[in-house]
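Letter by letter, the chains look like this.
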Amino acid sequence: MNRQPDPPADRDSRLAGLLAELTEQLRQGQEPRVEELAAREPELAAELRELWAAALLAERFAAIASDEHLQATWNAALESGMPTTGPALPGHFGDFEILEELGRGGMGVVYRARQVSLDREVALKVVLRGTWASAADLARFRAEAGSAARLSHPNIVPVYEVGQIDEQPYFTMKLVAGTTLAERLSAGPLPGREAAALLAPVCRAIQYAHEQGLLHRDLKPSNVLLDADGRPHVSDFGLARRIESDERWTQTGAILGTPLYMSPEQAAGSRGQLGPTSDVYSLGAILYHMLTGRPPLQGPTALDTVLLVLEQDPPPPRLVNPLADADLEMIALRSLQKLPALRYATAGALADDLEAWLADEPIAARSGKFGQVFARLFRETHHAVVLENWGLLWMWHSLALLVICLVTNAFQYRGIRSPGPYVMLWTVGLGTWAAIFWALRRRAGPVTFVERQIAHVWASSMIGIALLFVLEMLMGLPVLTLSPLLGLTSGMVFLVKAGILTGEFYVQSAALFATAIVMAWMDRAGIPGSISLFGLVSAACFFFPGLKYWKQSGNAER
Amino acid sequence: MWPDASQTIELLRRAGEGDASAVNGLLERHRAALRRIVMLRLDRGLQRRVDASDIVQDVMIEANRRLDDYLAAPNVPFHLWLRQIARDRVIDAYRRHKVAGRRSIDREQALVVRSAGSQSALDLAAQLAGRELTPAAAAVWHELEDRFRAALEQLDEPDREIIVMRHFEQLSNSEAAQTLGLSEPAAGMRYLRAMRRLREMLDEPSASGRSVP
Chain D
79 MNRQPDPPAD RDSRLAGLLA ELTEQLRQGQ EPRVEELAAR EPELAAELRE
129 LWAAALLAER FAAIASDEHL QATWNAALES GMPTTGPALP GHFGDFEILE
179 ELGRGGMGVV YRARQVSLDR EVALKVVLRG TWASAADLAR FRAEAGSAAR
229 LSHPNIVPVY EVGQIDEQPY FTMKLVAGTT LAERLSAGPL PGREAAALLA
279 PVCRAIQYAH EQGLLHRDLK PSNVLLDADG RPHVSDFGLA RRIESDERWT
329 QTGAILGTPL YMSPEQAAGS RGQLGPTSDV YSLGAILYHM LTGRPPLQGP
379 TALDTVLLVL EQDPPPPRLV NPLADADLEM IALRSLQKLP ALRYATAGAL
429 ADDLEAWLAD EPIAARSGKF GQVFARLFRE THHAVVLENW GLLWMWHSLA
479 LLVICLVTNA FQYRGIRSPG PYVMLWTVGL GTWAAIFWAL RRRAGPVTFV
529 ERQIAHVWAS SMIGIALLFV LEMLMGLPVL TLSPLLGLTS GMVFLVKAGI
579 LTGEFYVQSA ALFATAIVMA WMDRAGIPGS ISLFGLVSAA CFFFPGLKYW
629 KQSGNAER
Chain H
-10 MWPDASQTIE LLRRAGEGDA SAVNGLLERH RAALRRIVML RLDRGLQRRV
40 DASDIVQDVM IEANRRLDDY LAAPNVPFHL WLRQIARDRV IDAYRRHKVA
90 GRRSIDREQA LVVRSAGSQS ALDLAAQLAG RELTPAAAAV WHELEDRFRA
140 ALEQLDEPDR EIIVMRHFEQ LSNSEAAQTL GLSEPAAGMR YLRAMRRLRE
190 MLDEPSASGR SVP
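Those protein sequence lines, which keep their order, are chains D and H. Just so we're aligned: the first sequence equals residues 79 to 636 in our numbering. Just so we're aligned: the second sequence equals residues -10 to 202 in our numbering.
In short, the hints are calculated from the structure, not lab data. No residue lacks a Cβ here, since even glycine has one placed at the ideal position from N, Cα and C. Hints may be right or wrong, so weigh each one.
Short, incomplete list of chain H residues facing chain D, as computed with Cβ under 7 angstroms [unchecked claim]:
{"id": "1", "residue": "Phe137"}
{"id": "2", "residue": "His156"}
{"id": "3", "residue": "Phe157"}
{"id": "4", "residue": "Gly170"}
{"id": "5", "residue": "Leu171"}
{"id": "6", "residue": "Ser172"}
{"id": "7", "residue": "Gly177"}
{"id": "8", "residue": "Leu181"}
{"id": "9", "residue": "Arg188"}
Restraint-style ranges between C-beta atoms, simulated for each label pair [to be verified]:
{"id": "10", "chain 1": "D", "residue 1": "Gln103", "chain 2": "H", "residue 2": "Gly170", "range": "25 to 31 angstroms"}
{"id": "11", "chain 1": "H", "residue 1": "Asp145", "chain 2": "D", "residue 2": "Lys626", "range": "35 to 41 angstroms"}
{"id": "12", "chain 1": "H", "residue 1": "Gln46", "chain 2": "D", "residue 2": "Lys626", "range": "55 to 61 angstroms"}
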């Protein structure tokens, strides 16, 4: 009862413990289980993720700063001053006559060019010189481009050839006359049907590539070309560069890519975690952009975006665009789960759901693991910590409620018909307890704004309950006739608390509303004990969360 | 980065029995870690004047000389004891060379988070870990590195020190507590506060940029 005001310190020591645990896991060479710990301590989750992100940075940079071998490589690299020249200017490039520049991307420049010997127009991508420092890198590029060249799918832009002229690697692709999805989206969101119809074949194409053992790694609207008929073609397949060895990244601006559609595991540069589900995430991000007109998470700088991608859930699409379809929203959010295991397992499964939605069939995103999204409804808000101040008091409160209700029923049973004793019990009795309750709460430390709000809701319910006796008298009704309203009033209070504190209180709210119905039925059928029933239900509504938060506050052990 | 503790204990036991090869082995196996500790704390100016290897050698000699005292009363784990000697030798080096500039001997804990210059450390990090980074991720990490370095520079000395201990020197919380003469919960709290400030600095847009020479 005499809770000493130090909940923040307690919270901090738990947080410090969790951070130490994660660091330990990392040092043991395990994958740190941040989400597991976050789920165990939901009220610490947000800050834990934030601080852990900073700790990870420290670990990474420490690894660099303390490694002499790396230092040496580094200094040598600085001294040699790598030349990083741009690609060939328009004009002639081997067999190609360069016609115009189509765009610049992460690894080079794309031109519309005419291949003189074959007399055909192609998209020529010239890779920035210096991007491939070593022969091994170049060999890898050639191998990847080669496997991309073997892909044959109607929705994948075919790669014609991969080559090198004057140490300048390049590859050619079919020239798709039209626009890109990025340009299309710059005009705003797409209608649901159009979005699903456009993305489903893209997913199929990605699935096909995955079956061939190739990840895209850099899916984004600007890599989805739309031909004159509006059909999508995925370009730059499997060519997203791996950065390894001593490659130089000295340019800014033009060659920087975007983390907007990147999966968390990719943005974090996690080792070996990239898989088909990383592309699924990117497809989900594209769908999100189609539905809302903007990428799921976007910060003022690329860095802020990465931090968002690592830490935050995107706002539900319908919050951004109220016109977005609820089922498509589900599909997008399932693809955008932070944990790869919670996403669609394959791009094909995502395509299945999009096609099912187009055919007005039920979608898989609504079932199974997607219970996750519903679970979010029952999640605690960040205000739920105040309940720790109340845990023990709520257990006492449940006892007080139960006693008052049982005494009321006992009075009834003894045939007391005059309102006096009941009014005494429910106004003076309950009011006294409320005063004690509040005094105890204040003694335990400063009362927060949220607690004041809740106290007001609570007080309003007590005033309402006391006034029931007045109404009964004024309306000439026998005392306690309106008692089922106790259930309704309490149910309303819990619904408000569910919104402010934790979604778990929806359960309490529903139980109390149902109790009101049962009480009315019992009174009508002449079954005694309706008020005791209310006493039991409402006592349980307070006791169990009270116990939970009392334990959580750490006072249980003291 | 620190060698296995159980073997160290075994070697300490044998060294206590007068086994000279155990003493050697004991010191040798800590050489790499000591070198990192020293490198972390030598700034560029001092690096031009002294060789980290010389300092490490000094540490080894002094440790050898004082080993009997340590074995008689081992108050701290062996590697923390070595770390303390290394730290003192680095301070000596700063004092002897009176390195000009803001890395004065007053800032005895001077930590050098080296700038990558135009070369992204992340490329090297990628090399170190053999992990994949796509171009966009690398670019972002480059920016992140700049911001991280600037943020660390802005922290107060005690905050920076505990972060350096926990992450750069790879000490556990209890080791950091012993070194600082704090209780474990107190060290944990100091670390938590430091990380909070670091995080604030990271979020502060003004913390970015290349303020570090």
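**Prompt:** When the nearest CB of chain D is found for Phe137 of chain H, is that gap smaller than 7 angstroms?
**Reply:** holds (5 angstroms)
**Supplied contact hint for Ser172 of chain H, tested at 7 angstroms Cβ to chain D** = Violated. Min distance 11 angstroms.
**Prompt:** Was the hint right that Leu181 of chain H lines chain D, CB cutoff 7 angstroms?
**Reply:** Interface hint status for Leu181 of chain H: holds (4 angstroms vs cutoff 7 angstroms).
**Prompt:** Close enough to count: is the Cβ of Gly170 of chain H nearer than 7 angstroms to one in chain D?
**Reply:** Violated: closest Cβ of chain D sits about 18 angstroms from Gly170 of chain H, beyond 7 angstroms.
**Message:** Just to be careful: measuring from the Cβ of His156 of chain H to every Cβ in chain D, is the smallest value less than 7 angstroms?
**Reply:** Status holds, d = 4 angstroms.
**Asked** Close enough to count: is the Cβ of Arg188 of chain H nearer than 7 angstroms to one in chain D?
**Response** holds (5 angstroms)
**Item:** Range hint compliance [Cβ, Gln46 of chain H to Lys626 of chain D, 55 to 61 angstroms]
**Value:** Because 60 angstroms falls inside the window, the suggested range holds.
**Asked** With 7 angstroms as the cut and Cβ atoms as the points, is Gly177 of chain H at the interface with chain D?
**Response** At 4 angstroms from the nearest chain D Cβ, Gly177 of chain H passes the 7 angstroms test, so the hint holds.
**Request:** Go through the hint on Phe157 of chain H and say holds or violated, using the shortest Cβ distance to chain D against 7 angstroms.
**Result:** holds (4 angstroms)
**Item:** C-beta pair Gln103 of chain D, Gly170 of chain H: status relative to the range 25 to 31 angstroms that was hinted
**Value:** Once the Cβ atoms are compared, 27 angstroms apart, the range 25 to 31 angstroms for Gly170 of chain H and Gln103 of chain D holds.
**Asked** Is 35 to 41 angstroms right for how far apart the beta carbons of Asp145 of chain H and Lys626 of chain D are?
**Response** The hinted range 35 to 41 angstroms holds for Asp145 of chain H and Lys626 of chain D, with Cβ atoms some 39 angstroms apart.
**Hinted contact Leu171 of chain H with chain D - closest CB pair below 7 angstroms** = The hint is violated - Leu171 of chain H has no Cβ within 7 angstroms of chain D, the shortest such distance being about 12 angstroms.
In the structure shown, a violation is registered for the earlier hints numbered 4, 5, 6, in ascending order.
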